[in-house]
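Engineer: Those protein sequences? They're chains A and B, same order as listed. All letters in the first sequence, in the order written, are residues 1 to 191 by my numbering. All letters in the second sequence, in the order written, are residues 1001 to 1389 by my numbering.
Hints are not guaranteed to be accurate.
[To be verified] Cross-link-like lysine-lysine pairs, in silico, DSBU-like; alpha carbons within 35 Å at most:
#1 B:1327 to A:118
#2 A:118 to B:1298
#3 A:159 to B:1355
Derived from the structure by calculation, the hints contain no laboratory data. A quick note: this is a predicted structure, and the numbers were derived from the prediction, not measured.
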Amino acid sequence: MKSVLRLSMLLAGLALASCAPFTLVEDKPVTVGAFTVQPQMAWSSGRTNQSHIDMWTVDGLALNSLVFFSGIGNGEPLMDLPNASKDGTRTYSSTMLPDEVAEFVGYYLTHTGSRELKLGALQPVHLGAQQGFRFDATYVTESGLKMKAMATFAQPNGKLDLMLFYAPEEYYFGHMAAPVEKLFETATVNG
Amino acid sequence: MSRRTLALAVSAVLVFTTVGPAFADQPPVPPGYRPPADSDEAGLWMQSDEAERRIQTLPQLVRDEALNAYVKGLVCKLAGDYCRDIRVYILDVPMFNASMAPNGMLILYTGTLLRCDNEAQLAFVLAHEIAHFKKRHALDQWRNAINTSGAIAVLAVVSAGAGVFGLIGLMAELGAAAGFVSYSRDQEREADAVGFDIATAQDYDPHEAAALWTDLSAEDAADPAVRNRSTFLSSHPQSKERMQTMLAKADVLASTAKDWKTDPDDLNHATEPYRAQWYAEVMEFENSNALLTVLNRKIARAPHSGELQYFLAEAYRRRNEGGDIEKSRQAYQTAIDDGNGPVAAYKGLGIVAMKAGDKTAARSAFDQYLALSPQANDRAMIEYYCSRL
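Looking at chain A on its own, in the form it has when it is part of the complex (with noise of 0.2 Å):
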């Protein structure tokens, strides 16, 4: 059996599972994992008990969320499925050329309840010092609610850094749009 449950409501768990407290993130550069970011505003932190896995909002997770998965290896998921097989999971190659990189994304977009998942054209970008990659997506969740997603990822060393950020298409993906854009945009991978 697949998760039910959206990828906003899974992480949500996660941070409870960890009872990490969410914290402030203020605009200056931080290192969140394998990133080094510079937010645009204030943003809420929390970590998971994923360890690779940071996430941050500005809303609310369900509202918009930013997530960052570090150093994902070879073998590995890109985060732990409720009910999901080990079998049946699909893992991280360090093989994957950029556009296989983004089916895996999508993989576990779906996983997490999403429908009509349409991935965007990939474009090569420069994380720092990095190769690094950029697609945006469009899904809808079980409960209907149209998203809006955008991602960068890069391979360093054959792992995988990934950051996603998500949001409802209506209102708070467009108000998030152009800050989260300058986030990525000025990101450095610290390979």
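Using the hints provided, position chain B relative to the given structure of chain A.
Structural biologist: Relative to the frame of chain A, chain B by itself:
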């Protein structure tokens, strides 16, 4: 809607499905039938009506007018005077399934539309469900369930899955209910027989019924988990038994001189805008093995379909087990050679050639992709790949 009401409603939707003792043979429902208001059947219908209102709000409901008109038109052709009594709801779920509620609500999964090779096969599926409605099988099973387990037990099982009504939640509800409320095997056999007569009366090739069950049996064998995911498969007589029964009936009927039809073009045209999405959903929600089984048998019937070869290549590439990259490469090439594959086949060929270390072939494929699609929105990415070759 309260949880209990929803449970009642969902239970009514799912009454179509149970293991049960022998049933009392009800007279066929006449066209335009509504049960008497003071009957238990009226209560059953009321619950189905409530569930139907819930179904109408599901985000998984496919609302495309053309596709709905096509399926509804086929239902009407098969149902005749019962056309107005049956309402079709197409749900975007990648498994093979179709079901009939006691009030005439027919639910059809997109996974069924994807798997049927032609209109004749779809006609046999729909005719089977129409037979359940005409023979009032749901009423029998409902009464049997109440008599043997009591209403509380019926509701308890179904309400266990009623809290979640998303894509997976819906299937969980269907699955949970199927374990308790499903038609008896005898009712399924009767629906097969009546449905067979309904479809062949419209000149649909009788051998397509057996062909469909042969295909489903193969998919079942390739991935036994398919049976667990499909209430249709798990509640019906074994595919092998159905296949043999249908084949025997088809052989008898086909000996009569008649111009039997399969009508693959109408189904292909109606589903064309959605097939790419549906193939992707089978790959994501089931697995590549299931999709490969479906594609390989479709290719056996239509070996020069560039579209099928392209999705076959995609399935092998994504599965990426031993030898899959080479199989993927061959399928992309076949899609291209057949002349009717999508331009994206060149990109896919470039990617698998790159993974195989064949830089010359990769560059050639990427160059052709950009030549054929100069405005491609992933041009920068293709140029990046080329820079690495």
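Engineer: Now look at each hint and say whether the structure bears it out.
Structural biologist: Hint check results:
no.	hint	result
1	B:1327 to A:118	holds (26 Å)
2	A:118 to B:1298	holds (26 Å)
3	A:159 to B:1355	holds (17 Å)
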